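Protein sequences, first through last, are from chains S and F. Position one of the first sequence corresponds to residue 0 (numbering that gives the first Met the number 0), numbered consecutively onward. Position one of the second sequence corresponds to residue 0 (numbering that gives the first Met the number 0), numbered consecutively onward.
Source of the hints: derived by calculation from the structure; they are not laboratory data. Source: prediction; values computed, not measured. Even for Gly, the Cβ is constructed at its ideal location relative to N, Cα and C. Mixed in with the good hints, there may be bad ones.
Restraint-style ranges between C-beta atoms, simulated for each label pair [to be verified]:
#1 L182(S) with K17(F): 21 to 31 angstroms
#2 G13(F) with G22(S): 16 to 26 angstroms
#3 A31(F) with L112(S): 21 to 31 angstroms
#4 D73(F) with K77(S): 40 to 50 angstroms
#5 D62(F) with V166(S): 29 to 39 angstroms
#6 K77(S) with G16(F): 24 to 34 angstroms
#7 I76(F) with F53(S): 21 to 31 angstroms
#8 D66(F) with L81(S): 51 to 61 angstroms
#9 I97(F) with L112(S): 53 to 63 angstroms
#10 K17(F) with V178(S): 15 to 25 angstroms
#11 R46(F) with L34(S): 53 to 63 angstroms
#12 K77(S) with F36(F): 33 to 43 angstroms
Pairs of lysine-lysine, DSBU-like flavour, derived with a Cα cap of 30 angstroms [unchecked claim]:
#13 K121(S) with K25(S)
#14 K121(S) with K17(F)
#15 K77(S) with K17(F)
#16 K25(S) with K77(S)
#17 K121(S) with K77(S)
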Amino acid sequence: MDYDTNYDMDRSRKNTGSRRNDGDDKARRIALLGLYTALAILMGYVEALIPFSFGIPGMKLGLCNVVIVFVLYRTGWKEAVLISAIRVCVIGFLFGNLFSIAYGMTGTMFSILVMTSLKRSKQFHVIGVSAAGGTAHNIGQILIAFLVTPTLPLLWYMPVLMLAGLVTGVLIGIAAELVMRRLPQHG
Amino acid sequence: MKTRIDRTASRTGGFIGKSDVCLIAAIAVFSAFMLFFYLYSAAHVKRPMLNITVENQEYGTYDLAEDRVIEINDTNICEIAGGQVRMLSADCPDQICIKSKAIDRNGGSIVCLPNRVVLRIIDAAESNAPDSIAG
């Protein structure tokens, strides 16, 4: 089997020479990002089906982050931010309310910030990046909940959610790495 | 035909390394520390009371030993029963407060974020409000 080495959709944002039409590049990129976004939304739907909270409000599986980590490593943080923003809004409208959009947005943005910094430092592998991202996600959510309702007991949720974010982050990292190994970049 | 998965195909440099383990251990230790701190401070509650605040204003403080049903501003209803507090009903869309675990003398809190209602267990000494509301 021979792959078309010019057919590298993930690299189309970076400059790989003038071998292709610009129009082609953009179209492929838009289609691919749309696919990733749809996948992220689908993950959110699956998450809504699985009750994972064990009585602790705000605890989730974080399945969407497999897509986010994947996009972060393959394409870039800007695409990850875009997909996250859209995903939070759509899932919020479908399954949640305005509050869940606000919490989700700060959670994912803080998470992507942390993940990008860790990834850029080139000191950490996928599991570390993803675990820190999961923890940051939950910390971000608690912080905004605290801004809305400043009660000290709320902060005591932090250790529980941090640990939960850590565990799910590790699992998501493993999943993302396994996916990336099976979808090698062409070219 | 079994496909061989190339470990280097992901180009991420691998699953995990020493720095990742250190990072995860650091976060885990830090949150375990926070957890112990919280449990330690909560375990010393001598006379636990339920403290209710709405929009950060004191709504009332109630002794956990007395079973009762408390209506909060016709948006939430909670009850004290057998030394435990749970939220019975709320008009919020996500109902997270209803699904939360019951809280008891060990401490904890139930929060209804959309209605800004916070139920928490405090020590009698902490509260500025009257120790119980009759009627």
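Right, here's what the structure says about each hint:
no. : hint                                    : verdict
1   : L182(S) with K17(F): 21 to 31 angstroms : holds, 27 angstroms
2   : G13(F) with G22(S): 16 to 26 angstroms  : violated, 37 angstroms
3   : A31(F) with L112(S): 21 to 31 angstroms : holds, 25 angstroms
4   : D73(F) with K77(S): 40 to 50 angstroms  : holds, 47 angstroms
5   : D62(F) with V166(S): 29 to 39 angstroms : holds, 38 angstroms
6   : K77(S) with G16(F): 24 to 34 angstroms  : holds, 26 angstroms
7   : I76(F) with F53(S): 21 to 31 angstroms  : holds, 24 angstroms
8   : D66(F) with L81(S): 51 to 61 angstroms  : holds, 53 angstroms
9   : I97(F) with L112(S): 53 to 63 angstroms : violated, 33 angstroms
10  : K17(F) with V178(S): 15 to 25 angstroms : holds, 24 angstroms
11  : R46(F) with L34(S): 53 to 63 angstroms  : holds, 59 angstroms
12  : K77(S) with F36(F): 33 to 43 angstroms  : holds, 39 angstroms
13  : K121(S) with K25(S)                     : holds, 29 angstroms
14  : K121(S) with K17(F)                     : holds, 13 angstroms
15  : K77(S) with K17(F)                      : holds, 28 angstroms
16  : K25(S) with K77(S)                      : holds, 15 angstroms
17  : K121(S) with K77(S)                     : holds, 18 angstroms
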